[in-house]
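Asks: Respectively, the protein sequence lines represent chains A and B. Numbering of the first sequence is given in the UniProt record's numbering, commencing with residue 1 and proceeding in unit increments. Numbering of the second sequence is given in the UniProt record's numbering, commencing with residue 1 and proceeding in unit increments.
Hint data in this document are derived by calculation from the structure and do not stem from the laboratory. This list has only true hints and no planted wrong ones.
Beta-carbon label-pair distances, calculated as ranges:
#1 B:Ala247 / A:Lys308: 35 to 41 Å
#2 A:Lys306 / B:Asp345: 41 to 47 Å
#3 A:Pro358 / B:Asp345: 32 to 38 Å
#4 B:Thr155 / A:Arg241: 43 to 49 Å
This one's a predicted model, so the numbers in the text were calculated from it and none came from an experiment. Idealized CB from N, CA, C, for every residue including glycine.
2 protein chains.
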Amino acid sequence: MAGVDQPGFKGRNSLMASELSYRRKPSSVSEMQQKKFSHLERKAYKRKLREEKLLAEMRKQKVIRKEKEEKERAEKEQRELKERCGRPYTVAIALPGSILDNAQSLELRAYLAGQVARAAAVFNIDEIVVFDENYNAKQDVTEFSGLKRSDRGNTQLFHILQYLECPQYLRKAFFPYHKDLVHAGLLNPLDIPHHLRETDVSDYREGVTLDKPVKSGKGAYANVGLKKDVVLNMSVPPGQRVTVKLAEQVTEKKNLNGVVVSPNEPRETAGLYWGYTVRLASSLSQVFKACPHPGGYDLTIGTSEKGKDVEQVDLPRFNHAIIVFGGLKGLEASVEADDKMQTDDPSEIFQHYVNVCPKQGSRTIRTEEALLIAMSTLSPKIKSAHTSTDNSKGQPS
Amino acid sequence: MAGVDQPGFKGRNSLMASELSYRRKPSSVSEMQQKKFSHLERKAYKRKLREEKLLAEMRKQKVIRKEKEEKERAEKEQRELKERCGRPYTVAIALPGSILDNAQSLELRAYLAGQVARAAAVFNIDEIVVFDENYNAKQDVTEFSGLKRSDRGNTQLFHILQYLECPQYLRKAFFPYHKDLVHAGLLNPLDIPHHLRETDVSDYREGVTLDKPVKSGKGAYANVGLKKDVVLNMSVPPGQRVTVKLAEQVTEKKNLNGVVVSPNEPRETAGLYWGYTVRLASSLSQVFKACPHPGGYDLTIGTSEKGKDVEQVDLPRFNHAIIVFGGLKGLEASVEADDKMQTDDPSEIFQHYVNVCPKQGSRTIRTEEALLIAMSTLSPKIKSAHTSTDNSKGQPS
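Work out the full structure, taking the sequences as your base and the hints as a guide.
Replies: Here it is in structure tokens:
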């Protein structure tokens, strides 16, 4: 209270001025004029007015403070909601395309690629890296390879993975006939959130920009799998794949409006699984070197039956994780084949080198099986690394 | 010590007789004859002999006691080793054969069955039950089914599972040509411990009894995948599959000898995964009613995306567990189709009704994927239920 009174002592002149303004109010002036006041009475009256003004000021400050607190709390809640609903981190997997070369028929070869895509979809994988595990072996012309082209598996896996990730209504635009996709019609659909039917309602949709004349000042048209095309907020060359945030869904309007957003937005703001990107890496070391995230992968996990029991592994909080799988001969062979790797010991390359299936009944676990087994075990650990408030688990760098 | 002395008091006559035998020894007798002993001296000498004899007896007893203790300790160690190495419990899975009817080609139909067998092998499953999920629907003739025979999937899955479990060297004996097995050659091998090559060394081997004349008093011959046939310890009709414990592996002998044992023995005593049995069930309720174990399954787990998050489930110690998977329409449809079930709510039928993949990216998880995902999550829980010494987890009934 002393503090509130201080202005009166600090700047008396200014206070006097404000008192005068009070006195100038018609009611106060007339009140003053009507009565003859003594000097003491005038002084008391002035003090009373001053006190009232200060109290009013205090009340105003209190309301402002309260509003500010309210706003801050709302912002915090929003942030928390986004953190809870959105998913800031990404998980990638890497595997050699050579696993396809071991399939018994062309149909089963394609089916195997489909199994990889399904596993990625089930476990919300954001990026699949297909690496060449025979990087140096190919240069070694003395090795007998018959007529088999050892790099066919990589590109076919790459193509089928991309094809399956693409929403059905966009496939005609992006996938002309290709021999790699001959058996793609037999594969199981991924059925992921962005594979939307015409009647499905969604804030976001994947689309392709169309070669359709636009009015000046208006953006390009895009087909997002709805009856009507969407007018975008910017001009984009035709034939581009875009992620569109639909502004409104009023059906009476001639055109729908949409905003082009980052393909990461549905994941980051709404926690939606929005499919995966596919990348070809010429060797195992390129898996890490050509990482699309500026800081690289900050959590690397290798899987092998020679690794540590996964049950004993706790994962730290991370931004971008990658889980690497070996081929027929295991991850050891992939590491050995890569000259650029400083070591032949895979456990030195990865932060965690884990065995995802201790006590396996079969002598071998196939890569397509290992994908499901590993992700099933690692998923709860990934989740708990991001929900846990335990600081000892470390923060992402 | 008092106890050891007692024989002296109990049977004095017999003791005297033994003393006399001492005296009859030539050396003692000559000693006695050479010297003239007083009555007291003779008495003292006798006492000395008696004491020496008792001490000898005590030493003997001590050695026997020690040997007995040694033996008991060894037996206990053996028992503990068996408990540690052996696996007393079994894990079964049950799934509808109708999952095959959804495959896109005959080749992929067989491949799907192969995936089920592989998943069972990787996770040491002891029994696979193939149940008919359309038990009542089949009786409903008004339902449109086209030309599709809805029960074909069950028998084909049954056949392929049996075929893949059988060691390669026995397949000729047990699997003549059958249309269900046309594409079985394309399937991935299980590579489980009892699929032994000729050069592999193993205490146990699977075999088939042969139609070969035997000497009187000798058991039947069996082919166990070795160069030489094995003479069994009993006569078994030809063409039977037997589990043989090889008595010795001396290669010089004309014939090897073997003992017919229970197919459970390799698991129970050595903890070896010894393949699975396959059973057809005409409905979901028959999965439980026709259980081959006398007490039935004492742990039943149902899997569904409508179940409880598997991370929150702790399994009790059990003897015989069964994990049941649904088909295309989920376990709910299988329960509804079964009139014999008292309820339509699957969570009432199973002790645990779990969701093995919360936060799945794909709208659906296929049964063959669910097998790997579920077993990957449940395996550590099954293991810890049997290694944990925590009594609060409960004992098998």
